[in-house]
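Quick mapping for you: the protein sequence lines, in order, are chains A and B. Reminder that position 287 of the first sequence reads as 287 in the numbering used here, one-by-one numbering, no gaps. Reminder that position 88 of the second sequence reads as 377 in the numbering used here, one-by-one numbering, no gaps.
I should point out that these hints are in silico values taken from the structure, not numbers from a laboratory. From the three backbone atoms N, C-alpha and C, an ideal C-beta is built for every residue, glycine too. There could be a bad hint or two in this list.
The following residues of chain B were derived to be distant from chain A, with all beta-carbon distances above 12 Å [claimed, not checked]:
id, residue
1, 373
2, 474
3, 511
4, 529
5, 671
6, 677
7, 680
8, 688
9, 706
10, 783
11, 856
12, 1117
Sample of chain A residues with no beta-carbon within 10 Å of chain B, all distances over it, derived [unchecked claim]:
id, residue
13, 5
14, 8
15, 57
16, 72
17, 75
18, 80
19, 86
20, 124
21, 134
22, 135
23, 147
24, 158
25, 191
26, 212
27, 255
Taking CB as the label site, the calculated pair distances span [to be verified]:
id, chain 1, residue 1, chain 2, residue 2, range
28, A, 83, B, 1129, 47 to 55 Å
29, B, 927, A, 83, 26 to 34 Å
30, B, 437, A, 213, 21 to 29 Å
31, A, 239, B, 504, 39 to 47 Å
32, B, 832, A, 239, 53 to 61 Å
33, A, 86, B, 309, 41 to 49 Å
34, A, 83, B, 966, 19 to 27 Å
35, B, 383, A, 128, 55 to 63 Å
36, B, 760, A, 86, 46 to 54 Å
37, B, 1040, A, 239, 25 to 33 Å
38, B, 437, A, 128, 26 to 34 Å
39, B, 464, A, 86, 40 to 48 Å
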Amino acid sequence: MLLIIVQLIVSGLLLGGIYALVSVGLVLIFGVLEIINFAHGEFLMLGMYAGYWLFYLFGFDPYVSLLIIIPLFFFLGFVVQKIIFQPLLDAPPLDQVFATLALSLIIQNAVLYFWKANYRTVRTAYSTTTIKIGQISINFPRLVAFAIALGAIFLLFIFLKKTYIGRAIRALAQQKRAAMLMGINIYRTYQIAFSIGIVCVGIAGTILVPVYYVFPSVGALFVLTAFVVVILGGYNSLPGALVGGLIIGLVETFSGFFISPHLKQLIYFAIFVLLLLIKPTGLFGRKTE
Amino acid sequence: MRLIKGKRIYHLLHPKFYLSALLLIFLLFLPILIQGSFYRDLLIMVFLWAALSGAWNIVGGFTGQISLGHTAFFGIGAYTSTLLYLKFGVSPWLGMLAGAGLAIIMGIGVGYPCFKLRSHFFALATIAFGEVMYLLASYWRGLTRGSVGLIIPFRPSIGNFIFSSKTMYAYIAIALMVVVTLVSYFIRKSRLGFRLIALREDQEAAESLGIKTSQSKLIALIISIFFTAIGGAFYAQYYLFVEPEAVFSINFSIELALISIIGGLGTVLGPVIGASILIPLDVFLRGWLGGISAGLNFIVYGVVLIIAINYFHDGIMGWLGKKYDLILDKLPGNKPSSGIEKVSLSPKVLKIPLPGLTEDKPPIFEVKGLTKHFGGLAAVKNVDFQIRQGKILGLIGPNGAGKTTIFNLVSGFLSPDSGEVKFKGERITALKPPHKICIRRIGRTFQLVKSFNNMTVLENVMVGAFSRTRERRKVEQRAREMIDFVGLSKCRDILAANLTIADRKRLELCRALATEPELLLLDEVVAGLNPKETEEIIKLIRKISQQGVTLFVIEHVMKAIMSLSDRIIVLNYGEKIAEGAPMEISKNRKVIDVYLGGELEERKNQLAGTLSGRKQQKLAKTRGMLLKLDSVNTYYGDLQALHNVSFEVEEGEIVSIVGSNGAGKSTTLNTISGILRPFSGTIEFRGKKIENFPSHHIVEMGLVQIPEARCLFSYMTVLENLELGAHVREARKKKKKTLEMVFSLFPILEERKNQLAGTLSGGEQQMLAIARGMMTGPKLLMLDEPSLGLAPKLVKQVFEIVERINKEGITVLLVEQNVFHSLYVADKGYVLENGRVVLEGRGEELLNNKHVKKAYLGI
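In isolation and in its complexed conformation, chain B is listed as follows (with noise of 0.2 Å):
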């Protein structure tokens, strides 16, 4: 008893209580302490737009959906309460509530199907709707009179909604907006405002720890219309007149949004602060400036939002932000609400029944004949696995045999054209949307970190357990359970945004975790981590796999994938080539083939004597430094993806660099390319220090990249591509003679010249790619995974291409994920392991090491 008396007096002494104690109360005397019309005047708008601000901030700052057609419901809400008590005599009070549930009603019909819109084309569509009731309005003289619009007249009583003294409206006014900030407050403290917030920073990692996006956006959205037409009712019984152009109109909407961005979007204070300032500062530019001449007060208002997007992008209250903190901290009975630091004193931390006799039960997860095609292609290719309960099973594959589609297929992402999925013997093939996985204890991370920036590692988690309970305080309690099993407790109250990417992942298994997941889809957990990192995070796996949990994981790190799995299925092309033990995957032929380019163990003896002799020729040529990097280190978003990374490639030469998926090799070529600019280090092309060139210009000094994936300009010819491969001043020159080289190359192409590049095969799609690169009239030409996705008979062709243009006297830097041919055709090769350069030798000399197998295969 003692204990619960404690906990209520010390939210008492909270400082955030009284100091709203304190400012209700300044609230209460200002409509008797503040004298004269106008003024009055002034305090019941300031606290009615902060009412109405605080409503749309509910849908605009919560949820992120900018909707600029509020004025729709407020004009609703005006009119409604108007038209029922001039018609029907109907108190305004009954009229109001009126309002809002024929605003709801119309808000729910038009503005919930457009959620799923983008930004910009829900803004169009709000501000579309907000134009209808305009229209409407205007045009509709029967029911509202029009343009001329709808007088209330001035009979003061109670039941009238009308009095004389403006005291009285001033006591509404501030309670709408006492009850507004309070609706907020209790929003944001709430599930709903975890799970809003959530949505509003990735959508896709907040439904799949079990929200509901449309219902919750729903939710958010009755709401707000729910006071703004409340507001538009006061509005008409305040001035007792309503008429189109001012309660439908557009200017309104953009002022309601302006406050709250000023106040600070998102926050529950931010209207109110916002509309303290604007609506002041409103009345007094058009009382100064447009009396002066209609119109520069809105130039003003231009100028100061603006002004607000560019540097206030958080508003006051992001400003004052951790200022406001501080100043909370110091003021007496603060403090901080953990209490005692509840330690987990049972090894059973995730309500799992341990699996005991697994043998005789059928396996937890079952996936039989699962199929997906993209367009005409078989992404995904009859695929049957099985995972026994507590066990984990690893998912190996080359990049683009359909790894992550599989997991998009069972989580709720996608569906499949065929197959059956079942999880605990329930049918869940089809399940969508992933809220639904989710419920039924399935979690999963993705491959690219998704944590919620703007939450504190503890608020994160705390999203992951609202799926299972409402109560906050046992949400709460979970979430620092989950923490500290994770090891994260250090950085409970941090913000995601500002952790290590060691850290972020492990916020996001723990977030996964706290939906007490039975089977948990990890998606290449270790991409992106040091050594020392993937160590920990491994640990932790293995943690998680003792508590029960089954786990299904997707891994490029062979080490790491090795180690871990229990059992191993290999995907190529979409289709399972092979399944067993790590031991017997590392070991198995058609494995090996796939991940190093195919016949490597016949060929090797073969290679020795033809190629020593092809490379004698070449090295009679001599040679001068064409490109060289020196220590070059680049960020991906906050990934490390290259780190001091060093090599040459002299001019004449055919150098190339391997490396398995998430190696880093797309993002070297980029770093050269000037697509990203790297964080440390040089790259020298022909003499000149290119790291801070403009894109445009390294073309132009010809260095010229044929990117992954082709990124064919697929809505133009395949003769309007190669034109524009010649875009650069010195290739226009020499346009007609490249052209007849080009097709000389690929005859193919000419014959198809007039063809949409986007119609072409897979393999005449290479070919297009890499003659658009020629027609720039490169000195290095660099190609980016050139055979990938292609068939053998093609990837063979694609090789020989190079060795031609090489001839023709053009350097290649190549970058392959198949070792074998790329190291063939090499002078120079280099090998790229999570980012650093990990061997290097001459062609023929890597393709006989040992290292490089091992690299690839883990063993």
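This is chain A alone, in the form it adopts within the complex (with noise of 0.2 Å):
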């Protein structure tokens, strides 16, 4: 019982650490844009995507293309928000949640359009390598992939701690009037966190390639899971993303296990309706000015 116990936990944060990268993206987006993004989900399936093709094309390993993909993303956030977002940043929230929907809709079918809905699979020489440690096992692909998350949330994080454009950031999201009295250049802030905030989620799509299936609607299953995650960890709080991320993790393999595969969307769900009534500030959000 015990070792079933213990692989879940292992299965469930290994889970939450992309759960985690894909929510960290929102929050920025979220935090410092106030900007609700609905189309998140369409971006993981764009870095998915772009795994697939830089295999298939070029045999790229997933996580080499990242080289690539993380400068293509970056660019990616930069024109999106120019045209989209940043128009968006004073209108009412009708406007923005409609704004956003719409984009989710053309994105999801314009790839349904030129790549059509076949699933997609990147097999890899290590796609089905396990790593035993002891009685546990560990897949190795999703290994990595937490690695890589943790690592790139954990650089994030040293990011907005350290230097000026990062710490511009954090000042943003608490106090605009007062960011903009120090000097800062609040338009090309916005610019860059939503940028970073792509290029977040680009890289878990490209570390979840040889993990998941590809098809243009697996973003929408994703996107849910990472607005619980946010909710539960507070809409405007970096690490409460990444606890929140292995929270849900571990609620979503321990649910599926102990109750049902299927009904596990079900119990984050009633978390999710929950939070937002009792406390949606979630675990370490903070009221905002």
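Two independent chains are provided; combine them into the complex using the hints.
Listed below in structure tokens is the structure:
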């Protein structure tokens, strides 16, 4: 019994790390721009497709193609922010909700049109490799994904803490007016924050390629989970996204095993609605000014 | 009798009525005229979606709560009626009612608590709800047969709600659409409709007018859910097949919203128009583009959505808008519904018993020991006062003294920690929410005018009148009387958004009066008005008082409150420091000290000698012009906050701008810093015109503001705040040096450098704010009320720091309420009143100037 629990914990944490990386991007965007990015899942999906195509066209291992995908997605985020999100900054919430929903619709269906609905997979040499630690088995790609995810999050934290731009992003998220008075170029900062958010989710997509099927609506599966994580962790807290991601990963594996694999989604939607009603700021979130 | 008959006929002849009748007849013939299975199907879909979206619009449009989970109710309706029919043979006609009932129960259970969430989170919660229903339907195979779905066998009969020809379905769909549209229409015209729209426009104002937020939204929700579920049952009976994919889908929810948005959110006909356009478009796109390749049609959909949001924000009804009314006017039978202009002959408009002998009666409003803490700070401490019926009590005090907090405590917006509030002998302490206060005949206005901008003046006032009676005709008449009383008759049918600020304030008063209050709380009614407008509104307030209404008034404009009030109480740091007739108050030593910064009278003579000596030294330095404002006009929303403000700051100087609250001090600094843009006028800094520069550029040039209320990054440490101050390129190079200088000036900050900024004391926070500003390496440092909220000892310290900073070579522009200290340190001073520069001169001259005192104390 103990063995099963440990196995579940390990699987849950591995899964949670990826959820955390997806959510970190969402928190960055919502915390700084204060817009809920309903199209976040679609960027994850694009990350997966990017990894897939780079593998099939050029033979790049997904982990290697990260080197291309990171700057590519930074650029993508930059463009999307300028065209879609910048004008939304001062728009009423209704407009923001529908504009990002529309974006999600367009991206998903554009991919459907160009690349069809077929499920695609990437089979690398190590796709099915398992590492055994004692009696616990760990799927190798999942472990690598976890490591990269945590590494990326860690780098992000350092970036936000130590660099001028990082500090500017944190300042802007806390106090827009004061940030302006510090001489921070807030529009440039919005762009950078958004782009980093997209890079995070792009990385998450790429590292998932050896592990999951790739198809146009895969984003939808993950994004709702990401929202639960974000609300649980606190919608403007990055450490919250990390902790929340890990917790939800654990909740998913445990409820999947003990209750039913199908109803796991039900469980954390229920958590979601309850959280929104009882404590919308989540575990670590702060009330904004 | 004849008059009544005439009215009936007039109603029948109104274009809205006979046009609708014609339309209805046309609709009745449509199913017969349209032939061909495909087109009939399309027709039915248009009607069904029009009904469904119309139902959604009752919540989404009227209330403003965007639900993306209505698919849940649709699906519940479909599944319930189908399961009851398949398992128990219950006729779908009854089954749909059961479905509606179940949907309503679930909707109240989940949706209702979510109403208090902010829009984004409400949308998320509703999406989650829809998803949960989808999952339940897919995996509860025992009940719903999961993704396989349920098939209804084809056994046509009326009882089974199954028909072989589409014609019957078409008529039922038309009926549903017509019913939903009529329900929308009646809601819009009824008290509920007025209340919902008022809530959507401004919830606080609506509540103060007696509207019960939860109850109103709940009723709208129930009606909306009912029709959505019925629509679901119809869908099931039409297609004879129900599966989770089809009835529990987020695309369904999005489409409902999209139809209403394109047609016109919150309008009655919007959903019908939207459906007539979108559904055929959808089918067409799916056929044409979807046929080419899956997904293409949705791309077009997404683009349509984005265009609709950006360019057709008010939908087609919004775009037709005026043209619609113009066309209606031209049609025969359209007479203005005003009828005879009713002139109020009786001088007693408001039904309030006149005071009579008040001396023996107890005071109508009594407050004892009122206390409220925010965190550790006492915002209001042990405040006592009384008001006698029919009298006017004024409340004054410097910024942050707790005046609005007191208002909020007695009008149902905040609960006191302790104390007692009695109105007409009844204990109303801690009575919440605001509508309960309104019912008891206490009304209020707000500091920032809260008019319902998308309603006409008449409709605004009707919202207030609806708090006393349900009958629409009576309400309309009452509203007209009130509008005549306050003098807004000319503006009756104008949208509130198009009024001047003075008229909007009048409207707010009128609306509050319509609730027939016996006690009226007025919060800074005069703010932002020019002298003439001020006079007029004071006349109106006096008129209201003569009708017997008791008034409790907060004001900053001294002249106004001194002339209006019978008695005045003065608040400082949450405590009452003086009470009496206006004349007494203006001579009260304590009050003068509080406003002018203390010790004014005594120190004046002492200062003469020392001041001139100090300034002599300074005059020796040569100056250049560093900052110059020329005829700057700035608007704050609709209020003109600055009127032709001009002043200069020379290099090396300390310039002080003094003025009471609402004078425009912060607005001036924010305009200079680029946070607000001036409407006209120029701002020159170091020879460049900066009025259109982005804020970060202005900081880079060396013009730095330390904002009012400090605006520290409370979740960052002291050191991080300081480092952020050195963000601009120039400052980064000198960071180390500047940090050393700052720590020597403020040693306590070095001690606390790793502490979170939010945990510092008030005085330490102020020092951090100044230090942070200095890290930018400014040439000109602007400080917005640095002494605000600080104890007297700290206030002295702050001004000493200002002088030290100036000695280091930084020019200072100081904006203050504290007259004495700021003019004492200043080389030059300006007095700002109501957004205008009214006095200027050398610092010490102004200190001795009688007019400064007059401007502050209104004598």
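Is residue 212 of chain A truly not at the interface, in the sense that its beta carbon sits beyond 10 Å from all beta carbons of chain B?
-> holds (20 Å)
When you look at the beta carbon of residue 134 of chain A, is every beta carbon of chain B farther off than 10 Å?
-> holds (35 Å)
Cβ-Cβ distance between residue 83 of chain A and residue 1129 of chain B: within 47 to 55 Å?
-> holds (49 Å)
Examine each Cβ of chain A, and state whether all of them lie more than 12 Å from the Cβ of residue 373 of chain B.
-> holds (24 Å)
Non-interface claim for residue 80 of chain A, where every Cβ of chain B lies beyond 10 Å = holds (13 Å)
Compute the least Cβ-Cβ separation between residue 75 of chain A and chain B, then decide whether it is above 10 Å.
-> holds (22 Å)
Do residue 760 of chain B and residue 86 of chain A keep their Cβ atoms within the hinted range of 46 to 54 Å?
-> holds (50 Å)
C-beta pair residue 86 of chain A, residue 309 of chain B: status relative to the range 41 to 49 Å that was hinted | The hint (41 to 49 Å, Cβ to Cβ) holds, given that residue 86 of chain A and residue 309 of chain B are roughly 44 Å apart.
Taking the minimum C-beta separation from residue 677 of chain B to chain A, is that value above 12 Å?
-> Non-interface label on residue 677 of chain B holds, nearest chain A Cβ at 41 Å vs cutoff 12 Å.
Beta-carbon spacing of residue 83 of chain A to residue 966 of chain B - inside the hinted bounds 19 to 27 Å or not = Roughly 24 Å apart at Cβ, these two residues keep to the hinted range, so it holds.
Grab the minimum beta-carbon distance between residue 706 of chain B and chain A and tell me whether it stays above 12 Å.
-> holds (20 Å)
Kindly confirm whether 53 to 61 Å is satisfied by the beta carbon distance between residue 832 of chain B and residue 239 of chain A.
-> holds (60 Å)
This entry satisfies every hint, going by the numbered hints stated previously.
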